[in-house]
Amino acid sequence: MSATDAGAAATPKYTKKDFESDQDVRWCPGCGDYAILSAVQKTMPDLGIPRENIVFISGIGCSSRFPYYMNTYGFHTIHGRAPAIATGLRLARPELKVFVVTGDGDGLSIGGNHMLHILRRNVNVTILLFNNRIYGLTKGQYSPTSELGKVTKSTPMGSADRPVNPLAFALGCGATFVGRTIDRDVRHMEEMLRRAAQHRGAAFLEILQNCNVYNDLTWNVIYEKESKLAHELRLQQGKPLLFGPPDDRRAVIMDGVMPKVVPAKDVAESALWVHDEHNVNAAKLLADLWVPDFPVPTGVFSAIDGPVYEDMLLAQEQRAISERGPGDIAKLLTSGDTWKISSEGS
Amino acid sequence: MSEAAAPVAGVRKSRKELDRAVIRFAGDSGDGMQLTGEQFTTESAWAGNDIATLPNFPAEIRAPAGTLFGVSSFQLQFGSQRVYTPGDRLDCLVAMNPAALKVHLRDLKPGGLLIVNTAAFDKRNLDKAGYATNPLDDPALGERYRLHKVDMTGLTHKAIQDLDLNTKEKDRTKNFFALGLVSWIYTRPLEPTLDWIGKKFAKNPAFAEANTRVLKAGHAFGETAEIFSEHYTVEPAEMAPGLYRAMTGNRALAWGLLAAAERSKVPVVYGAYPITPASSILEELAMHKRFRVRTIQAEDEIAAVTAAIGASFGGAIGVTGSSGPGIALKGEGIGLAVTAELPLVIFNIQRAGPSTGMPTKTEQADLMQALYGRNSESPVVVLAPATPGDCFYVAYEAVRIAAKYMVPVIVLSDGFLANGSEPWLIPDVSTLPPIDIQYRTDPEGFFAYLRDPATLARPWVRPGTAGLEHRIGGIEKQDVTGNISYDPDNHDHMVRTRAEKVRRVAQEIPPTSINGAATGDLLVVGWGGTYGAITAAVERAQAEGKSVASIHLRHLNPLPPDLGHILREYRKVLVPEINSGQLVRVLRAEYLVDAVGFNRVRGLPLASEEIFEGINQLLGERA
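Here the protein sequences come in this chain order: P and S.
Using my numbering, the final residue of the first sequence is 346, and nothing's skipped along the way.
Using my numbering, the final residue of the second sequence is 623, and nothing's skipped along the way.
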């Protein structure tokens, strides 16, 4: 474990309860955020990190209420800026484990620029983006991930902007960990949370989340049991890209430079596309797959090692100190060109 | 300029002693005028003079050669007495091309020394400067000024004709001919420049040789050419004894942060997005990683301030710096620091606006922005340095106040202070007040908004402290507990508490120092970079026996506790500012005094001459 990691030798044995704060949770009844909160609280003990070394940072939006409900350090900041706050915090305190909780509006619209830069810098932060394809806190306007033509209060004749694909965006920014999970699949969500939290570098986890008030069942294609079975492609390291019910197994294969779905029985085992988290190019192809022509992939798309921003900056600081000694302001003030004026005035 | 003739024995040409002189080097932005001016400044510092400088350059990195907007200049005033400003009117103008002559001639005093590089006065350059005929051929120019036409380019080439450099490289050394010549005229020592050449071109002996020869050629030209009948000395100034260095405002801000990091033993995290004229603070800090000052070149102004806030949340000293347009973008972030009650220092190196305005030109029109430029009731502490060297103390003080009161502090510098330099008495850092940062570690009775009774500061807790896990944010909080609260009375209480906390910073302000008598006809009140011009004007009026005094505010919010009393001791109050009247409004609103503004907004420092006139005018109006 590196010096800039949050673990400690003697971390107490925690339970989920240790991470529940004393605040009343104020999301709408039935909101997908409850399941996410519960899953996060449940996975925290598995990280082996003292509670006081964990910080949750958020911006604005329903998702951004999250830090109030975690019994860790937390900072509920301003719209879109959580990644920048987290970057400053990591540079000041590299021993802390920092989570950013955001949503599709906060993280990809008003804060899209900061999301780009925290990912490309590969700051060691775990980013949980709750994607419900709607603005909830402001009561129901369309979001940057809403489907084209979305009818909302602010778009009564349908939205005219094409949605952004969060995972394709993250990969394009150079994210070193990119994954997707679903609020209604608790076990998978817990597994993905652990994976993302244990990644060293900027980890981007999209959580497909239900807003039952303003955009209910937007992800029904992978909520409804039969549809989920038919359309979810569970990515697993070293496993072929197979999905669908046992009587209709399908494979995603490469046809030239294009992905293609074919009946699994028609593909020789050697011709199957085997998932490799270290292959970023493959991840970029997978990020674009979606119904109806393709399945909906979930799991870890990409997990690679990359140099971490604050590690490099702090290494420069250490190098400067080891080569030239710690700073000495008195010496600096008298360095370079100086001249003396004696009491006689010359 | 008083010219007491004082011939010096053993010198062939007559030498006059001056109290002070104002010189401007002007040329194309590629002519090396900034370097020439800086070297002349160093030489004058060696000569023991007090100095003030004013670099002035185009925003374009390489503006088209020979054009009016491509002219770059460097002005300085040096003297044997206290020098407060770079000077209003020029005693000497060096014009390296027609454009420089056209732009700057109007500032030269009648009878002033005008030195031009004749080689640059060709058809092409004259056309570009908009001269139909060569102004050097007009006899009126030589009648109005002491004109010296020198073929600097030709003489430069002659001095180094045998060196293996191409024409362009040889051409480029001609600024040192001008420097050598003016150094001779004003009896400046060449040693500092020769030292500089030796260091700068240590790896390139041909350049070192060329610059040395050209510098000396310029000097010898003054000595031997028949055209210069006299030259000048300026005796060393009576300055406080001690070790001095040249200091610019931006470097002083940066070094003030280094001092704060060292004394507080807490790392500084400086977030910034490059912007004129603040970028050099980021660059300076990035060179001093040994001081545990961590710099982030952020993706935008908002990220720069919020990264600083994140660092402060983590227990470091978060600092951000920009100019007015960037500060506008940071407004919401500053508001977060106000309500989260975290320390934050914001440098605003003001420039002419609105919008992009004139990025390289100075202004002090962001006072209202600093005081009120955020949504809702969002009080912050506002400080303003008076001189380039003062920036060091103000940066340090900003950190001290921010940490002690858990409050954002805005420092209003400006483009003039940022780039201008002055001889700066190097302080003994052990005499700086301590920055004693105490993080809360005791969980017993802890609440996130439990306040210190003297400062009203809430406890600063570093994440990582067991038993003190807590959440803060931008939503209104219940006092003491820090829990989210929409209670109307609590909000009213918190609005007042945040304001009162800022007001209590007044207990940090020393008694206001009055330049002049404690009562009288007129008090001139200034703030920021106009200190020099105001002081020079007021001292001139005082020397004429007028009942005038001045004070200069370094604390703009809160204002000094003794200010209201002082204002009432004078019959009239004049407030010179490079804006259309901002501090004057504050003073009128705060103290119900009939203060009068003196306002010029030209992107230039105020001239002491015009302030002097403003003083006389107001004194002349009998109520």
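Incorrect hints may appear among the rest.
Stated by the list, open to error - Calculated cross-link-like contacts (lysine-lysine; reagent style DSS-like; alpha-carbon spacing at most 27 Å):
1) 340(P) / 404(S)
2) 331(P) / 168(S)
3) 123(S) / 149(S)
4) 331(P) / 149(S)
5) 260(P) / 42(P)
6) 16(S) / 340(P)
7) 265(P) / 284(P)
8) 123(S) / 331(P)
9) 331(P) / 16(S)
10) 340(P) / 199(S)
11) 139(P) / 153(P)
12) 265(P) / 239(P)
13) 200(S) / 149(S)
Claimed, not checked - Covered, in the sense of this in silico footprint (three residues per stretch, anywhere, with C-beta under 8 Å from a C-beta of chain S), are these stretches of chain P:
14) 41–47
15) 66–76
16) 91–97
17) 178–184
18) 212–224
Claimed, not checked - Pair by pair, the computed Cβ-Cβ distance ranges are:
19) 319(P) / 233(S): 46 to 54 Å
20) 334(P) / 372(S): 38 to 46 Å
21) 291(P) / 62(S): 51 to 59 Å
22) 64(S) / 315(P): 54 to 62 Å
23) 23(P) / 444(S): 43 to 51 Å
24) 315(P) / 357(S): 53 to 61 Å
25) 62(S) / 46(P): 56 to 64 Å
Calculated directly from the structure, the hints in this document are not laboratory data.
Glycine included, each C-beta is placed from N, C-alpha and C at the ideal position.
Now for the hints, and whether the structure bears them out:
no.: 1; hint: 340(P) / 404(S); verdict: violated, 36 Å
no.: 2; hint: 331(P) / 168(S); verdict: violated, 40 Å
no.: 3; hint: 123(S) / 149(S); verdict: holds, 17 Å
no.: 4; hint: 331(P) / 149(S); verdict: violated, 46 Å
no.: 5; hint: 260(P) / 42(P); verdict: violated, 38 Å
no.: 6; hint: 16(S) / 340(P); verdict: holds, 26 Å
no.: 7; hint: 265(P) / 284(P); verdict: holds, 26 Å
no.: 8; hint: 123(S) / 331(P); verdict: violated, 53 Å
no.: 9; hint: 331(P) / 16(S); verdict: violated, 40 Å
no.: 10; hint: 340(P) / 199(S); verdict: holds, 21 Å
no.: 11; hint: 139(P) / 153(P); verdict: holds, 9 Å
no.: 12; hint: 265(P) / 239(P); verdict: holds, 16 Å
no.: 13; hint: 200(S) / 149(S); verdict: violated, 30 Å
no.: 14; hint: 41–47; verdict: violated (count 0)
no.: 15; hint: 66–76; verdict: holds (count 9)
no.: 16; hint: 91–97; verdict: holds (count 5)
no.: 17; hint: 178–184; verdict: violated (count 0)
no.: 18; hint: 212–224; verdict: violated (count 0)
no.: 19; hint: 319(P) / 233(S): 46 to 54 Å; verdict: holds, 49 Å
no.: 20; hint: 334(P) / 372(S): 38 to 46 Å; verdict: holds, 41 Å
no.: 21; hint: 291(P) / 62(S): 51 to 59 Å; verdict: holds, 55 Å
no.: 22; hint: 64(S) / 315(P): 54 to 62 Å; verdict: violated, 44 Å
no.: 23; hint: 23(P) / 444(S): 43 to 51 Å; verdict: violated, 22 Å
no.: 24; hint: 315(P) / 357(S): 53 to 61 Å; verdict: violated, 40 Å
no.: 25; hint: 62(S) / 46(P): 56 to 64 Å; verdict: holds, 59 Å
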